[in-house]
Amino acid sequence: MLPRIALFIPCFVDQLCPQVGVDMARVLRRIGCDIHFPEDQTCCGQPAFNSGYWSEARDVAQRFLRVFDNTECVVGPSGSCVTMVRKFYPELLGADAAALSKFYEFSEFLTTVAKIDELGAVFPHKVTLHDSCHALRELGISAGPRNLLQKVQGLELIEMNHADECCGFGGTFAIKFGMISAAMGETKSQNALATGAEFVTSIDPSCLMHLDGVLRKQQSPLKTIHLASILATGEQQ
Amino acid sequence: MSNSSRERILGRITAALQQKSPPLPYVPRAIFAPIPDLKQRFELECQNNYTECIFTWGVEETQARLLEILASLENGAVFAEDMPFIRDRLRLAPRDLTWSSTGPATESSRATITRAKALIAATGSVFVTSSCGGRGGSIVAPVHIVLAHESQLVPDIEAALVHAEREGLPQKNSFIGIITGCSRTADIEKLLVIGAHGPRRLVVIVES
Amino acid sequence: MNAASEFLRRSIDKSADLTHRSIIRKNIDHYDAAVLRGRARFADWEAARERCAAIKHEAIENLDQLLIEFERKILARGGQVFWAENSEEARDYIANLASDRGVKRVVKSKSMVTEEIHLTPALEKLGCEVIETDLGEYIVQLRNEPPYHIVTPAMHLTRVQIAELFREKLEGVTSDEPTELVAAARRKLRAAFFSAEMGISGANFLVADAGLVAISTNEGNGRLCTTLPKIHVVVTGIEKVIPRMRDLGILWPTLAAAGTGQSVTTYNTLISGPRTAEEIDGPEEFHIVLVDNGRSELLADLEQRDALRCIRCGACLNACPVYRNIGGHTYATTYQGPIGSVLTPHFRGHEFDHLSYASSLCGNCTSVCPVKIDLHHHLLQNRRNSVQAGDHPRLERIGFHLWRWMMMSSSRFSRLARLGKIASRLGKAVGLDPLKPWTAYRASPDLPKQSFRDLWRNGRV
Numbered sequence: 000m001l002p003r004i005a006l007f008i009p010c011f012v013d014q015l016c017p018q019v020g021v022d023m024a025r026v027l028r029r030i031g032c033d034i035h036f037p038e039d040q041t042c043c044g045q046p047a048f049n050s051g052y053w054s055e056a057r058d059v060a061q062r063f064l065r066v067f068d069n070t071e072c073v074v075g076p077s078g079s080c081v082t083m084v085r086k087f088y089p090e091l092l093g094a095d096a097a098a099l100s101k102f103y104e105f106s107e108f109l110t111t112v113a114k115i116d117e118l119g120a121v122f123p124h125k126v127t128l129h130d131s132c133h134a135l136r137e138l139g140i141s142a143g144p145r146n147l148l149q150k151v152q153g154l155e156l157i158e159m160n161h162a163d164e165c166c167g168f169g170g171t172f173a174i175k176f177g178m179i180s181a182a183m184g185e186t187k188s189q190n191a192l193a194t195g196a197e198f199v200t201s202i203d204p205s206c207l208m209h210l211d212g213v214l215r216k217q218q219s220p221l222k223t224i225h226l227a228s229i230l231a232t233g234e235q236q
Numbered sequence: 000m001s002n003s004s005r006e007r008i009l010g011r012i013t014a015a016l017q018q019k020s021p022p023l024p025y026v027p028r029a030i031f032a033p034i035p036d037l038k039q040r041f042e043l044e045c046q047n048n049y050t051e052c053i054f055t056w057g058v059e060e061t062q063a064r065l066l067e068i069l070a071s072l073e074n075g076a077v078f079a080e081d082m083p084f085i086r087d088r089l090r091l092a093p094r095d096l097t098w099s100s101t102g103p104a105t106e107s108s109r110a111t112i113t114r115a116k117a118l119i120a121a122t123g124s125v126f127v128t129s130s131c132g133g134r135g136g137s138i139v140a141p142v143h144i145v146l147a148h149e150s151q152l153v154p155d156i157e158a159a160l161v162h163a164e165r166e167g168l169p170q171k172n173s174f175i176g177i178i179t180g181c182s183r184t185a186d187i188e189k190l191l192v193i194g195a196h197g198p199r200r201l202v203v204i205v206e207s
Numbered sequence: 000m001n002a003a004s005e006f007l008r009r010s011i012d013k014s015a016d017l018t019h020r021s022i023i024r025k026n027i028d029h030y031d032a033a034v035l036r037g038r039a040r041f042a043d044w045e046a047a048r049e050r051c052a053a054i055k056h057e058a059i060e061n062l063d064q065l066l067i068e069f070e071r072k073i074l075a076r077g078g079q080v081f082w083a084e085n086s087e088e089a090r091d092y093i094a095n096l097a098s099d100r101g102v103k104r105v106v107k108s109k110s111m112v113t114e115e116i117h118l119t120p121a122l123e124k125l126g127c128e129v130i131e132t133d134l135g136e137y138i139v140q141l142r143n144e145p146p147y148h149i150v151t152p153a154m155h156l157t158r159v160q161i162a163e164l165f166r167e168k169l170e171g172v173t174s175d176e177p178t179e180l181v182a183a184a185r186r187k188l189r190a191a192f193f194s195a196e197m198g199i200s201g202a203n204f205l206v207a208d209a210g211l212v213a214i215s216t217n218e219g220n221g222r223l224c225t226t227l228p229k230i231h232v233v234v235t236g237i238e239k240v241i242p243r244m245r246d247l248g249i250l251w252p253t254l255a256a257a258g259t260g261q262s263v264t265t266y267n268t269l270i271s272g273p274r275t276a277e278e279i280d281g282p283e284e285f286h287i288v289l290v291d292n293g294r295s296e297l298l299a300d301l302e303q304r305d306a307l308r309c310i311r312c313g314a315c316l317n318a319c320p321v322y323r324n325i326g327g328h329t330y331a332t333t334y335q336g337p338i339g340s341v342l343t344p345h346f347r348g349h350e351f352d353h354l355s356y357a358s359s360l361c362g363n364c365t366s367v368c369p370v371k372i373d374l375h376h377h378l379l380q381n382r383r384n385s386v387q388a389g390d391h392p393r394l395e396r397i398g399f400h401l402w403r404w405m406m407m408s409s410s411r412f413s414r415l416a417r418l419g420k421i422a423s424r425l426g427k428a429v430g431l432d433p434l435k436p437w438t439a440y441r442a443s444p445d446l447p448k449q450s451f452r453d454l455w456r457n458g459r460v
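Chains as they are written, first to last, in numbering that gives the first Met the number 0: chain A, 0 to 236; chain B, 0 to 207; chain C, 0 to 460.
Among the hints, erroneous ones may be present.
[What the hints assert, rightly or not] Computed cross-link-like contacts, BS3-like style, restricted to lysine-lysine with a CA-CA straight-line distance of at most 30 Å:
#, chain 1, residue 1, chain 2, residue 2
1, C, 168, B, 189
2, A, 175, C, 25
3, A, 222, C, 25
[Unchecked claim] Every beta carbon over 12 Å from chain C, so not counted as near; a handful from chain A, in silico:
#, residue
4, 17
5, 121
6, 146
7, 195
[To be verified] Some residues of chain B that are not near chain C, with every Cβ distance over 10 Å (derived):
#, residue
8, 26
9, 39
10, 57
11, 67
12, 76
13, 82
14, 87
15, 102
16, 134
17, 151
18, 183
These aren't lab readings, by the way, just hints derived from the structure by calculation.
Bear in mind that the values here come from a model prediction, so they are computed numbers and not experimental data.
We treat Cβ as the ideally placed atom computed from N, Cα and C, and that holds for glycine.
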C-alpha cells in the first residue's frame, strides 16, 4: 500500500519550471499514488540558509514544516531541497531527524519506498546523467536514478567523465561568482557533450537550469531534461 | 624569554578544552590485508618503488654481489658504516673505503654502505637510525647500499615503530628514518623523476 | 579595493583562462588516477579515515597535555622549544637566532607555516640568503611567486615554462626534459646544503610520547636540511601534535595516499634532538618554534575545532571544482582551497569571509578528507558567522528581510513572483535585463506564465 503523498514543489520549480512538478505528479499517479498539493507551501529556506542568513531561514523553515504537519509522506523533485530539510533542518531548527525522514527526493521515493522501477516510460534517445552534489553526497543517491533510466524503453544511458563533479550552480554562488560558475558549467557541458548524448538529465532542476543556460549560450544541440519528465513519457498503464 | 607566551598559549588551550567535543569512537578493524609472505611482499614493493632488492644466501654470496655493485660505481670514495657485519662483507673489496669511525659521509662519497635496523614488507622500506652511518649515511651519496638480514623483516610500519620503541631506538638516536625507494619528485607536470636530492639508486641486499 | 573584490577580479580572469584550466585539469587527472591506486592498497579506506580522524581528534582534545609532554621530552634531549603567540614572535625568535649565530645562508625544506609567518623576508632583511630546497618551492622562489598549492607548489607551470626559467637562472639546461631539469636543480642546491649554517623545516607531526618531530619528503631535501647545517629549526603549528609514535603507522600511509597516491612518502624522518655525543654527524642545535597564530582560538570554536585535525595533505584542494578553475594564487592566502577557506577567517579575520562564499558547497572536499573534517559544512557556518558579524551590504540584508516576508505567505509569494516575471518581461522589452547577473554567463531562461500552483488550481496537473 503506497502512502498518501504530499507534493513538495520547490519555489523555483513552482515559478520557473513547473512542468517538472507536473511530470512528477503524473508518474506518481501512474503507480497508483494518491497525491495532494499543500498549496500553502512556499520555500524550504535554503537560499537564506546558504547565504548565512540563518535567522530568516529559520522562520521560513519552521513555516515549511508546519505546512507539511499532517502529512505522512512528502515527495519533491529536487535533491538539494530535500537535503535542506533532512540534513540541515536538525541544525537550523533543532528538529528531530526522525520526524524529517518522511521527506523524500522523487527518485529516492520510487527506489526505496515504492520500490518500483518499471514505469512504462518510453524515451528512445541517448541520455547522460549528471549526479547532483546534494543528492549524491548528502542523500547517497546514485544507483537509483541510473536503474530507473535503464528501465526506460529505448533509452541508452551513457556515463560521462566526472559525472559526479559539480555543475557549478551552487545557489547564490551562481550569481556572486558567475564566472567561476560558468567555467564549471562549461566543463560539465563538455563532459556531457563528449558522450554523444542528445540529453543530459539529473534529479535536480537547479543543476539543469544552470546547465541549460550554459548550453543555450553555446548554442549547443545538447538538451536538458529532468528525470521526472523522462519517466513521465509513455502510455498510461 | 618564551615563558609568558607559553603560559598564555597553554592557558587559552586549557580554557578552550573545558568544552569537550562529542567523542569520536573508532571501532578497530582490519585496515590492510594481512601479508602471508613477508619476503615476497618486500620484493614486490621494492619493484614498485624502484629499490633494487637482492636476496643472497650467506656471507660469500653477499660479498660477491657487493663487489659487482661496487665495480659498477663511478671512481671515488665509498663510505661504509664501521661494524663487523659490514667489515666482513667488504673484506674483499678492492677499492678505498672511508669508514664511519673516521667521520661522516661527505659530498665526495660515490656511495654509502650501511646496515638497517629493520626491513618493512608492506611498503618495501628500510628502517635506519643515526647509528647506521650517521644521518648522512643514508642520504648524502647518489647510491645507498643497505646490508640487511632476512630476520629483520617486519610486516608493516606500525610493527617497525613498535619494535623501535621496545629497543629504545628513539632514546638512543637523535634520528630515525624510514626510507621507501630512492629520492624522487613529481613537481614538474606531476611526472615522476627518480633522483632528486637524495640517492637516485637504492640497493638492499637481504641475506639469509 | 579590498580582499574580496580583488579575489573576485582575479577569479574572473583565471576562470576565463582556458590554458590554465587545461593544465590544472591534466595535473589533477594524474593525481586522481594515482589516488585510486593509492587507496586500493587499503583493504578498508574508510576505516583508515576513521582511525586517522580518531587519532587527531584525541590529539586535539588533549592538546595542552600532549604539547607539555612533547616539550618535556625535547628539552630532556637537549633541544629548545619556543612558544610563539603570533607570526611576529616566531619570526623574531628565528631572526635573532640567525643573527646571533652569524648565519649567512639558510636552506629550507617545505613548510607552509613559514609562509604563514612570512619568515623568508625577515631573514633576508638581516642579509641571510634563504634557499628553498623543495623543487616546487624552489621554482616559485625563482619566479618570485608564492606557492600555488600546499603540496605541489609549481602545479600551474608547464615543463616548458620551468625549462625557460632554469635556462635563465641555472647552468647546464639544454632541454625541457624533467630529468635534466631536476638534475640541474640538484647540482645547484647541493652547494647550498653543504654550506648553509641553518636548516629550517616544518613538521608533519609532533610525537608526544617519544618526543619526536616527524618530517616527510620525497626528494630527500628535508633529510639534507636536517643533517648538514649546524643549526636545525623546526617551525610548526601547535596542532601538529599526536599522542604516540606508533600512530604514524596509519597516519603516514593515509597522508601519502591522500596527498599523492603513494604507499608512503619516500623519506619519513623522526628527529628527537641535536646530535648526541656519540653520533658522527647532525646539527649541534635543535630548535622548535611552536606557533599559535589563531589556532588556540579556533580550538575554542567547538563547532569548527575539527579543522585543526588537518594534516595538510592537499586532497581537498585537488577535489575542489572551484580550485580547479581559479587555481591557488587567486586565493592570495597561505592556505588555499577548502581548508584555506575554512581556516583563514579564523586566523586572519572577517576580511576573508568571501572565500567561504566562493563555493558551490558540492561537498567533494568533505568526502575526500582523510581525517574527516566537515569542510563544506564549516563553509556554511563561516557564512553565518559572517552575516552575524554585521558588515554585509545593507541592500543584501534588506533583500533577505524582504525574501522572508515574501516566503511567510503563499499568496504573497505567488503575487510577487508573478509581478516579478511581468517586470522582467517589461524590462526586456525596453532593453533592460533585470536578470543580468544570471544572463551574463547563461542564456536567458524562459519564464513560464503559469506556475505549478496555477496549473494545479486549474486542474491541469
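Checking the smallest CB distance to chain C, is residue 151 of chain B really beyond 10 Å?
17 Å, holds
Once the closest CB in chain C is found, is it more than 10 Å from residue 26 of chain B?
8 Å, violated
According to the definition I'm using, a residue is off the interface if its beta carbon is farther than 10 Å from all beta carbons of the partner; does residue 67 of chain B meet that for chain C?
25 Å, holds
Taken at face value, is the distance from the CA of residue 25 of chain C to the CA of residue 222 of chain A at most 30 Å?
Answer holds: residue 222 of chain A to residue 25 of chain C is near 28 Å, not above 30 Å.
Given as non-interface: residue 195 of chain A, which should sit over 12 Å from chain C by C-beta:
Given a closest Cβ separation of 21 Å, the condition holds.
Distance rule for residue 82 of chain B, whose beta carbon must clear each one in chain C by more than 10 Å
Residue 82 of chain B clear of chain C: closest Cβ-Cβ about 13 Å, beyond 10 Å.
Minimum Cβ distance from residue 183 of chain B to chain C greater than 10 Å, as the annotation requires
Check fails; 5 Å does not lie beyond 10 Å.
Outside-interface status for residue 17 of chain A - nearest CB in chain C farther than 12 Å:
Non-interface label on residue 17 of chain A violated, nearest chain C Cβ at 4 Å vs cutoff 12 Å.
Exclusion check [residue 121 of chain A not at the chain C interface, CB over 12 Å]
Holds, since 21 Å exceeds 12 Å.
Would you say residue 57 of chain B is clear of chain C, with no C-beta pair closer than or equal to 10 Å?
Fine: 30 Å to the nearest Cβ keeps residue 57 of chain B off the interface.
Check the non-interface label on residue 87 of chain B: least C-beta distance to chain C beyond 10 Å or not.
21 Å, holds
Does the structure keep residue 175 of chain A and residue 25 of chain C at a Cα separation of 30 Å or less?
27 Å, holds
Violation of the numbered hints given earlier is confined to hints 4, 8, 15, 16, 18; the remaining hints are satisfied by the structure.
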